[in-house]
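S.K.: What follows is each chain in one-letter form.
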Amino acid sequence: MTTVLRPETPAQVAEAVAWAAADEAPLELVGAATKRGLGRPVQAGHTLDLSALYGITLYEPEELVLSAGAGTPLAEIETALAGKQQQLAFEPPDLGPLFGAPAGKGTIGGALACNLSGPRRIKAGGARDHFLGFKAVSGRGEAFKAGSRVVKNVTGYDLCKLLAGSYGTLVALTDVTIKVLPAPEKTRTLLLVGLADAVAVRAMSRALQSSHEVSGAAHLPAALAAALPVELVARAGDAVTAIRVEGPGPSVEFRCAALRRELADLGAATEELHSHNSALFWRGLRDVAPFVADRQTAVWRLSVPPMAGAQVVTTLVAALDVLGKSQYFYDWGGGLIWFALPATADAAAETVRGAIAACGGHATLVRAPDETRVAVPVFQPQPEPLALLSRRVKESFDPRRILNPGRLSAAI
Amino acid sequence: MRMPEPDRDVLARRAQIAEDLRRIVPGEGVIVDADERRPYESDGLTAYRQSPLVVVLPSTTEQVSQVLRYCHENGVKVVPRGSGTSLSGGALPLADGVLLGLGKFNRILEIDFENRCVVAQPGVTNLGITNAVQHEGFYYAPDPSSQIACSIGGNVAENSGGVHCLKYGLTTNNLLGLEMVLVTGEVIRLGGKHLDAEGYDLLGLMTGSEGLLGVVTEVTVRILKKPETARALLLGFPTNESAGDCVAAIIAAGIIPGGMEMMDRPAIHAAEAFVHAGYPLDVEGLLIVELDGPQVEVDHLIERVEAIADAHGAVAKQVSQSEEERQKFWAGRKAAFPAVGRISPDYYCMDGTIPRSQLPLVLKRMGEMSAHYGLGVANVFHAGDGNLHPLILYDANKPDELEKAEAFGADILKLCVAVGGVLTGEHGVGVEKRDLMHEMFDEIDLKQQQRIKCAFDAGGLLNPGKMFPQLHRCAELGRLHVHHGQLPFPDLPRF
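Chains as they are written, first to last, in my numbering: chain D, 1 to 412; chain E, 1 to 495.
Don't read these hints as lab results, they were simulated from the structure.
It cannot be assumed that every hint is accurate.
[Said to hold, decoys possible] Listed next, the in silico DSSO-like pairs over lysine-lysine satisfying Cα-Cα at most 27 Å (straight line):
| no. | chain 1 | residue 1 | chain 2 | residue 2 |
| --- | --- | --- | --- | --- |
| 1 | D | Lys-84 | D | Lys-186 |
| 2 | D | Lys-84 | E | Lys-404 |
| 3 | E | Lys-414 | D | Lys-145 |
| 4 | E | Lys-404 | E | Lys-167 |
| 5 | D | Lys-123 | E | Lys-167 |
Using the sequences and the hints given, assemble the complete structure.
M.R.: In structure tokens, the structure reads:
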């Protein structure tokens, strides 16, 4: 039975963590607790719930900056931004439903702590790239700050980068400042129908090598395309490769037409999604919608060099064939692979990591039962000097290992 | 500026250390002769000079690893150096420290257009990367003004920016992977051709760490296709306020220009006198706004920016009609530093960032400071992101002028922090702004930063004396004072 601590001020967070440090009482950190299933399970007697650190404290659209309590729901921030035709350019996914939690509940602190980024990662950067400053409490129980509220700053170490993707193992975030950007006036998505994976990856690479500022490049095999709630995609009856361009109206039309022309030699049938359907389509991909319904599958997320994507999938599909049918789709021009396979005790971890050993990259076991995520490393294991360095970094913030102990690895 | 007291024992071992290093880096790679060490005694912050103990110029990662291991085992400090263009003294040598030059790491290792990246050794220049890929129409986006000379490894150490970084990001946003050597000699690889870190984002932490955490031996950066076209507007305003308001309105309208630069009256006059770019001389603020992308987009946005400029009272307006004219608009801005160098024997370049809305106040206060110190100041400003480069005019041959210029500069930076900005936007802390860190950070903030340094370099051997105003021993920093007590705030709901 865990006790939930729900501090209402940064000072109370410091108080709670100082108490935990003194008593060596591990804390599980949560915002809205939508991604509890993500990461290695944490054994902690107490939960530190940061959802009461709530509210936008500064938003200056013309300075491209917004500050908020770490527990502020993303949905609230996105609504405020939409009111000024702005957005979070890193397109944070809502992974709640993937873990059986309700949609639309995740917090800004959670998105940053997990460094979650959507399809636009390839053009606009990830959560890490938009994280400008923070106030936080370290595992020592000390309130401190780093970064700032200006978009260009090199004063001191860039601790925002270090915290993005630290999964609450270094600090409890209390306030965050992020860079925001104008929302595009218009969006178009070019669909290429019926390409084999390897051809699709090359097509996406060509699109991304062009000067057309592609802001999304994904490929879905026929079975997954058919299940998407976007009519043009669902009734394509075949694999769909999607290439997104965004910007001022005349520019978007020009670039979409140019891409269509430049990729005509592939001989694929083409379609175009306009703004509304584009938004639906990319939101589905962003939130890994194809794998939400069947909770029985284990879900992997692989980040690899884009051109290696198709080969990695071919290797995996062949090796995992004995387990039953696996499903997958590509984002980030082939560089991000979402892969679902029938659940097994070890989620085929060795096979999955073996498949990327040659090309480089990392594989994260995003969804699997708790026992599996204890039995196999959720995050890519590191070579020893790097693993030891990471442990020393952890100790420099949290010497008694009280913040989300074990979340990143058994040692961290 | 006080540097740590040199270690007499190490100074006495100079010859032995040089001999030991020669076993690792044979031949001309170890420089011990006083005259030959002289070219290394300063970087781009030329007011400070110090001859290093020994210069070592390795050419392989294995040599870097062995040099660092040797220095670590023998308690010898190490200052890494790329091209030595730092404007904050990041590569300022130490009398008792080995200067580790990466200049021989000057090869492009791989160009991978399909994955849109380049793998390069750290001594390759920033422009060298663009030069290697421009035949296919690609370029490397961050473009610090020293790009012809500065090294990509140095760019990583300083997280260098440039005039295009509002739209295209700083070094950290364009970096995919590193190979680096820890002070213990261990070689680690971070990232690669894929995106995002596995585990802690040490790639992000390394970027901008000013040579205090490790020595970079290989860099993988993202490259982009050059925009189809670019056009620029030259806009003159009767006041700095109206120029600043115009910048805010452009961004509020959802337009992120490829570049958006501002100059104040002294900078405009100095630049125009030097390169005759056709700048209007009867304005207080001049904006260069560059739009890049497909022709149809650029033409569309030029029209919108023109309308915004008109609405904000622009009194001079030119739109580039040719590539030649666009280059001409930029010529004055790009020559602003040497132009100021023509009107003053010396100048001191500052680098604060402010929330842009504070610009009129900051310029007004800067004018008052200028009168107080009796030193002129010209301002160039990366207007889109609020990064201000005041150039303080002084004469190093006049007694006390350097000190006055430094005091003036410190006052400007304190003001930047006071209005919600920061000490440095792209030049780094180095030795220059080290003692101002308390303006932005309290003791707890700084100690947490130093604990990270301890995680990488417990002996404090890598580039000591930079970034942190006070050095603490790692054992002291690591100590945790605990106060046992009750579970706090028992009256709060706990479910």
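S.K.: None of the hints should be skipped; say for each whether it holds.
M.R.: Right, here's what the structure says about each hint:
| no. | hint | verdict |
| --- | --- | --- |
| 1 | D:Lys-84 - D:Lys-186 | holds (15 Å) |
| 2 | D:Lys-84 - E:Lys-404 | violated (45 Å) |
| 3 | E:Lys-414 - D:Lys-145 | holds (18 Å) |
| 4 | E:Lys-404 - E:Lys-167 | violated (36 Å) |
| 5 | D:Lys-123 - E:Lys-167 | holds (11 Å) |
Of the numbered hints given earlier, the model fails hints 2 and 4; all others are met.
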